[in-house]
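**Student:** One-letter residues, chain by chain:
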Amino acid sequence: MTLLFVDSSTWTITLLGWAIVFCALLFLVGIFLTVPKILKWVTNRKIKVVENGQEVVKDINDISGETNAVIATALHLFLNEQHDDESNVITIKQVWKRYSPWSSKLYGMTNYGFPHNVSKQNRYARK
Amino acid sequence: MTLLFVDSSTWTITLLGWAIVFCALLFLVGIFLTVPKILKWVTNRKIKVVENGQEVVKDINDISGETNAVIATALHLFLNEQHDDESNVITIKQVWKRYSPWSSKLYGMTNYGFPHNVSKQNRYARK
Amino acid sequence: MTLLFVDSSTWTITLLGWAIVFCALLFLVGIFLTVPKILKWVTNRKIKVVENGQEVVKDINDISGETNAVIATALHLFLNEQHDDESNVITIKQVWKRYSPWSSKLYGMTNYGFPHNVSKQNRYARK
Amino acid sequence: MRKFVTVYSVLALLFCLQIVFGTDVMAAVTESTGGLSAADGLTELWNFTGFANLHGSYSNLIMIAVGLFFIFLAVKYDYEPLLLIPIGTGILLGNIPFSEGYKIGIYEQGSVLNYLYFGVEQGIYPPLIFLGIGAMTDFSSLISNPKLMILGAAAQIGIFATFLGASAIGFTPQEAGAIGIIGGADGPTAIFLSSKLAPHLMGAIAIAAYSYMALVPVIQPPIMRLIIPKKERAIKMKPPRAVSKTEKIMFPLIALLLTTFISPSALPLLGMLFFGNLLKESGVTERLADTARNSLINIVTILLGVTVGASTQANVFLTTDSLKIFGLGALSFVVATAGGLLFARFLNVFVNKDNKINPLIGAAGVSAVPDSARVVQMEGLKTDPNNHLLMHAMAPNVSGVIGSAVAAGIMLSFLMK
Amino acid sequence: MRKFVTVYSVLALLFCLQIVFGTDVMAAVTESTGGLSAADGLTELWNFTGFANLHGSYSNLIMIAVGLFFIFLAVKYDYEPLLLIPIGTGILLGNIPFSEGYKIGIYEQGSVLNYLYFGVEQGIYPPLIFLGIGAMTDFSSLISNPKLMILGAAAQIGIFATFLGASAIGFTPQEAGAIGIIGGADGPTAIFLSSKLAPHLMGAIAIAAYSYMALVPVIQPPIMRLIIPKKERAIKMKPPRAVSKTEKIMFPLIALLLTTFISPSALPLLGMLFFGNLLKESGVTERLADTARNSLINIVTILLGVTVGASTQANVFLTTDSLKIFGLGALSFVVATAGGLLFARFLNVFVNKDNKINPLIGAAGVSAVPDSARVVQMEGLKTDPNNHLLMHAMAPNVSGVIGSAVAAGIMLSFLMK
Amino acid sequence: MRKFVTVYSVLALLFCLQIVFGTDVMAAVTESTGGLSAADGLTELWNFTGFANLHGSYSNLIMIAVGLFFIFLAVKYDYEPLLLIPIGTGILLGNIPFSEGYKIGIYEQGSVLNYLYFGVEQGIYPPLIFLGIGAMTDFSSLISNPKLMILGAAAQIGIFATFLGASAIGFTPQEAGAIGIIGGADGPTAIFLSSKLAPHLMGAIAIAAYSYMALVPVIQPPIMRLIIPKKERAIKMKPPRAVSKTEKIMFPLIALLLTTFISPSALPLLGMLFFGNLLKESGVTERLADTARNSLINIVTILLGVTVGASTQANVFLTTDSLKIFGLGALSFVVATAGGLLFARFLNVFVNKDNKINPLIGAAGVSAVPDSARVVQMEGLKTDPNNHLLMHAMAPNVSGVIGSAVAAGIMLSFLMK
Ligand code: NA
Ligand code: NA
Ligand code: NA
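Chains as they are written, first to last, in our numbering: chain A, 1 to 127; chain B, 1 to 127; chain C, 1 to 127; chain D, 1 to 417; chain E, 1 to 417; chain F, 1 to 417.
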């Protein structure tokens, strides 16, 4: 039986396939909407148990998004700056590291970046 | 022939096996008790040969254990301190490195930690 | 037919083989003698096109070898110095890293060099 | 120096003459002599060279040009260089003309390239890449706003639409399934699926998938502007909530169990993806995560890229099928993008005014992590220079990876064997 | 948001119903129709899901719970996380229920997990791990006080006692030998030996070995307190002498030659262990040692852990044999610990008063590096807060590794084939 | 302590007696008893030990001495330690005497060493090492003065002269080709070629190649002083011109295409070499280049070294063929060096006075990167302490690598199968 251009099983696979992908992710959506609630409930209960005299329930999971955004941005800026300096240093190191004629033993393969008995390096010179 | 619960070959393997393990390690013990003596003798002979006029034999292998312990402890303390600072730095770097949205190209896979043509990073922005 | 000690095909392989190796590298020589000329011509044409009013042709490819040598030497000296300090630091780090008794979990296999929840390390102590 | 140029010119001339007159002249010259004379040897050797093995056909040269173009794109425009440079070089290696029977070609049993290709043929490399990706990916934005995850499902319509299209133009169901996965915008998944369903098309499918992934910044923006009205493009979304460490550790475990229960055939991909993420988030296996996202993924990327490239040997690759696959691939990217965008608008119908999502982030559902999320950010900035959508776009972006792996598993269940 | 919860609930309900009524209802629904109708397709797909493949048996779910528990132990209590997290995740991957014949399961020819498992099956991974361990381990404490080495031999009684016990309760000699090695407290050695002698028990043996290694801080202290009187626990040992570089280089060479001459079957393990140590101590191959103890061992650990975990597929793993193996494993750890402790006390009889050893360090002879040495340190500190035994305990600890590898070689010589 | 020495002495005596009286006494003792008695067991076990398997032949002990000597050279004189230590340890591992049939030896199907040796046997490791070498090597000095490249071709006369010599003394053409490549002074190329042409000689060829490479600082200087007059040794060369980034990126691409078109059989080697170099020079794939020149090459170096070493199992290795190969190897190094030097003098005839090259750099054409370039530098300094030839010598040095890989490809074309 040909439905439109292709036979029915092709249509079945197409529609059913997409539907299952949807279901799978919907499942995950559902779970990840409930997980934080469960966690919050567990945490709150613990806090209640601990401070059972006063029952001070602090909602520690609810740091506002804005606070996070501010922290994230600050961190981002700080780290970006960090990165620039770092990459300069690394550039210089890389140049040194990669400079094969001096740094190589097996096809420019040395223990570069590792401690080295310097006197050994100069052996040929002293011979 | 069943000796106790199991047949004799099982007992043979058990006792002989353990005995051989013992022998193997006893051998090593023996060798490593003699090796330092040989090394000391070789070293001393060399020193004697060199200073054959005065024959000043210094037992350079016999640094006392206490001295070593003191050095080791000092080093340990120093390095532990070292480590704390280092791990802080690394923590920050790791945070930056792992921050996928900004640092990634192939599924968050970039040349992070490597020199980079910054202008290229901004290409899409300038388009 | 035996020519000298060996048959003629051996001589063929010997002489022809060496000749081909020569040709292959001669080819490369030829190309790498021409490539920079082409690149220079392309660059110059671009500059000409851009500054078509004045036609100031700058030969930017022709930094003199002497200049390069000076830069290279300076860089080399600088980096060698760099290296010495660096290798000292690394030596110390290595010592710390390799000190198995304290740094190991699976046969001295730890997350060394990575941020670590220090409190966990001391768990057994507190137990 | 002049002398060398001369020598070189003579040699070049000689080789050119050979190309013109072909090997017949050479053969004639040597046929008369006996033994392996110098002329004989030269002919024999000549027959081995790539020049001789071109056989007057220029298909290999075309592929070499393609390989050089890939490398050019990567170096000049920084389009997915970590993929395009190995693949481009691989195309060169796979298309040097050679004599068969000497263990050179990637399809010859016992050649080095053939051994390295084994991990592609058997679908071993893709899960290892997913392990590294898992150890790199931060799923926080997805955990903090799980609803956005279904945008990653919506965009998978590209896969199924392409499956339909490929079936309609005459591919077998297995081939159509493998071609469809191009719409998943996910290289390793595409290689994994086509290694199982249609090994003979793998080269074309992989090259198409990676090419379009590299071209995401070119393909998506016009579609976005067409489908999403300017007003909706300006919607600002609320910043995501903080995600606790416990949630981050639980995510890979729950997602692993759930997705592989639904689609066990995707187990190698999803299992490794979430395993990698657990290594990262557990906080106690940092050294393993570090190796997974550095040495291991780099080694596998090198080997996968160069062998996938080399698998495009002209005689296997230059077919009308490959052309069709490229056409279908383009289609699937367009459909996937449109699917994501439209579904995002559709979702807004059910959401109250404060929680509206910016439909642009629907485009990130095709995965192609993180390029499509970046494109969303750029388009967002063009409408409102203060509207940063990147973090929000990451949620559909990573869920697109999960979605297309699930889809690959479903295709396998339906079509394998 | 509310809407999603609703949708999710409906779906969950649907799946639960399926589990209750089984696939028969579904099959009945679709049997009447011809072609691959939607209902057909759904049935077919359903038959592929993990839910359908549970087949009403809950053994897979039990194993999944075990896997999650391993991960929990690693994350929460930091018990050997580098092993328990890969193994735990592997248990999950191996126990997702699947349809056979689709190259998913670890025991199916051609599946990705099967390819990765090859290194376990053939005993290739353990020597590579030993290479990395050798490149990490500092044998100084052992070189400076070689006598302590025999404590590492004494504790190997656990291996042979368990061999005896396993034989007594009906295992074949080969199986008994493989089970005995659990008492060696050495994961790679256990995997290596059981891959040769009893491949069908490898999962159980490996899991038992790693579980008890992770539980060393729980198992050993009571035995130590039982066997060693408080007065002897307080013995202070002299600080070890300095060890020269020459000795450190000679150690791996001499130990390699001697141990492999005595027990050539242990060559893959001991050869690689001492090769790694030579790379470390030679001072001229630092870059190789560095790779051996980082990238290489991490890659192998990931692959070994996840495949050993996955090898515990419920239908293979949940047998009474596995239960017996776990029982024997516990026994062997107890016997090994007791053996080390008693031998240490016995040794003290022959030693003059100044050179007495603290018998607690005998417990470190079981290997399980460095956990058992740490346990000794803790117990020592409990008796006298100024008595640091860690360095002394490292000597029997590393010699325990050598001892159990030698024992494995002897078992192979006696029992293989 | 005294007691332990005593015990040890007794044991040692016991073992020595065994060696003297042989296993016959032991056998006689146990023949009379039935079942696996203790004496039986001891005999059986004894038959497994390396002591018993020496069988009175001391060839294994000779090889062990060679292995220890290699390690000594590496540690004491720093001669190529990254190669000599793995190879030396491999020689030890391969020459521990063992009973056959227990999957221990490198030539036994299914042993760990045999699995690791697969990459040597099939020529897979050498291209991966070339990938790393490419990612390490800076071809600038060669690009800036391409003329010097033909010195790298001149020195390849060593390969062909040795081929001729080996044929003359009775080796088959295939064997002669594989032996000739020792003159290429290039370990991976030698292993690659002999794995294809003469697998049974690979151990000897690889050991010869690596030994002479390690001895370059001893072999070359006398030849240099003999052939080059002092006046010519003092020639100062002009500093090389700057090389642009574009040229550096174009170099691997052009060189790859050209050399593999001429010699497609060398594709695995040259393809990977230039691929690695492209990863390095492209500037956009730094993380891949970094892994190629660190983790990847280190892992492969470890595995290749140890298995090549182990392949020298005495019964396979200690033959007159091996001796001849060592002789031919020495010859080929001498011829190659002389060839490079003489051709350099010859070149000077065609060059005007200002552009004269220092003929010493011809010696660097044998490759053995970068040792022979260093030797040139040292010899240059001896003549004139202000004449630094290192950079100039690097050009023939790296072109020597390309040259010998091309030569290997030509040998394959002529001789394979
Ligand atoms: Na996708
Ligand atoms: Na042990
Ligand atoms: Na060479």
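Honestly, the hints are just simulated from the structure, not real lab data.
Source: prediction; values computed, not measured.
Quick reminder that beta carbons are idealized off the backbone N, C-alpha and C, glycines included.
You may find that some hints are simply not true.
Which bits of chain C does chain F cover? Going by a derived footprint, with three or more residues having C-beta under 8 Å, they are [what the hints assert, rightly or not]: (1) 7 to 14; (2) 19 to 29; (3) 32 to 45.
When the alpha-carbon atoms are kept at most 20 Å apart in a straight line, the in silico DMTMM-like pairs for lysine to aspartate or glutamate are as follows [what the hints assert, rightly or not]: (4) K147(F) <-> E232(F); (5) K245(F) <-> D78(D); (6) K40(A) <-> E247(D); (7) K231(F) <-> D384(F); (8) K37(A) <-> D78(D); (9) K248(D) <-> D78(E); (10) K236(D) <-> D384(D); (11) K248(F) <-> D354(D); (12) K231(E) <-> D354(E); (13) K236(F) <-> D384(F); (14) K356(D) <-> D384(D); (15) K356(F) <-> D384(F); (16) K40(C) <-> E247(F); (17) K40(B) <-> E232(E); (18) K245(E) <-> D78(F); (19) K236(F) <-> D78(F); (20) K238(E) <-> D384(E); (21) K76(F) <-> D384(E); (22) K37(C) <-> E247(F); (23) K147(E) <-> E232(E); (24) K230(E) <-> D354(E); (25) K76(E) <-> D78(D); (26) K238(F) <-> D78(F); (27) K76(D) <-> D384(F); (28) K147(D) <-> D384(D); (29) K245(D) <-> D384(E); (30) K248(E) <-> D78(F); (31) K147(D) <-> E247(D); (32) K37(B) <-> D78(E); (33) K236(D) <-> D354(D); (34) K236(E) <-> D384(E).
**Student:** Would the hint linking K236(D) and D384(D) be met if the CA-CA limit is 20 Å?
**Tutor:** holds, 9 Å
**Student:** Is the hinted pair K76(E) and D78(D) satisfied, with a Cα-Cα distance of at most 20 Å?
**Tutor:** violated, 43 Å
**Student:** Compare the distance between the alpha carbons of K37(A) and D78(D) with 20 Å, and conclude whether the hinted pair is satisfied.
**Tutor:** Outside the cut-off at roughly 43 Å; violated.
**Student:** Would you mind confirming whether the straight-line C-alpha gap from K236(F) to D384(F) stays at or under 20 Å?
**Tutor:** holds, 9 Å
**Student:** Can you tell me if the region 19 to 29 of chain C counts as covered by chain F, using C-beta to C-beta distances under 8 Å and a minimum of three residues?
**Tutor:** This one holds; 10 residues, not fewer than the three required, reach chain F with a Cβ under 8 Å.
**Student:** Given the hinted pair K76(D) and D384(F), is their Cα-Cα distance within 20 Å?
**Tutor:** Violated. K76(D) to D384(F) sits at ~45 Å, over the 20 Å cutoff.
**Student:** Hint check: K356(D) vs D384(D), CA-CA at most 20 Å. Holds or violated?
**Tutor:** holds, 16 Å
**Student:** Take the C-alpha atoms of K248(E) and D78(F), compute the straight-line distance between them, and say whether it is at most 20 Å.
**Tutor:** Within the cut-off at roughly 17 Å; holds.
**Student:** What's the verdict on K147(F) and E232(F), does the C-alpha distance respect the 20 Å limit or exceed it?
**Tutor:** Satisfied, since the Cα-Cα distance of roughly 18 Å is no more than 20 Å.
**Student:** Tell me if the straight-line CA distance from K236(E) to D384(E) falls inside 20 Å.
**Tutor:** holds, 9 Å
**Student:** Holds or violated: K236(D) with D354(D), Cα cutoff 20 Å?
**Tutor:** Holds - the C-alpha atoms of D354(D) and K236(D) are around 9 Å apart, at most 20 Å.
**Student:** Is the Cα-Cα distance between K40(B) and E232(E) 20 Å or less?
**Tutor:** Judged against 20 Å, a Cα distance of about 34 Å means the pair is violated.
Violated hints, listed in ascending order, are 8, 11, 17, 19, 21, 25, 26, 27, 28, 29 and 32; each of the other numbered hints is respected by the structure.
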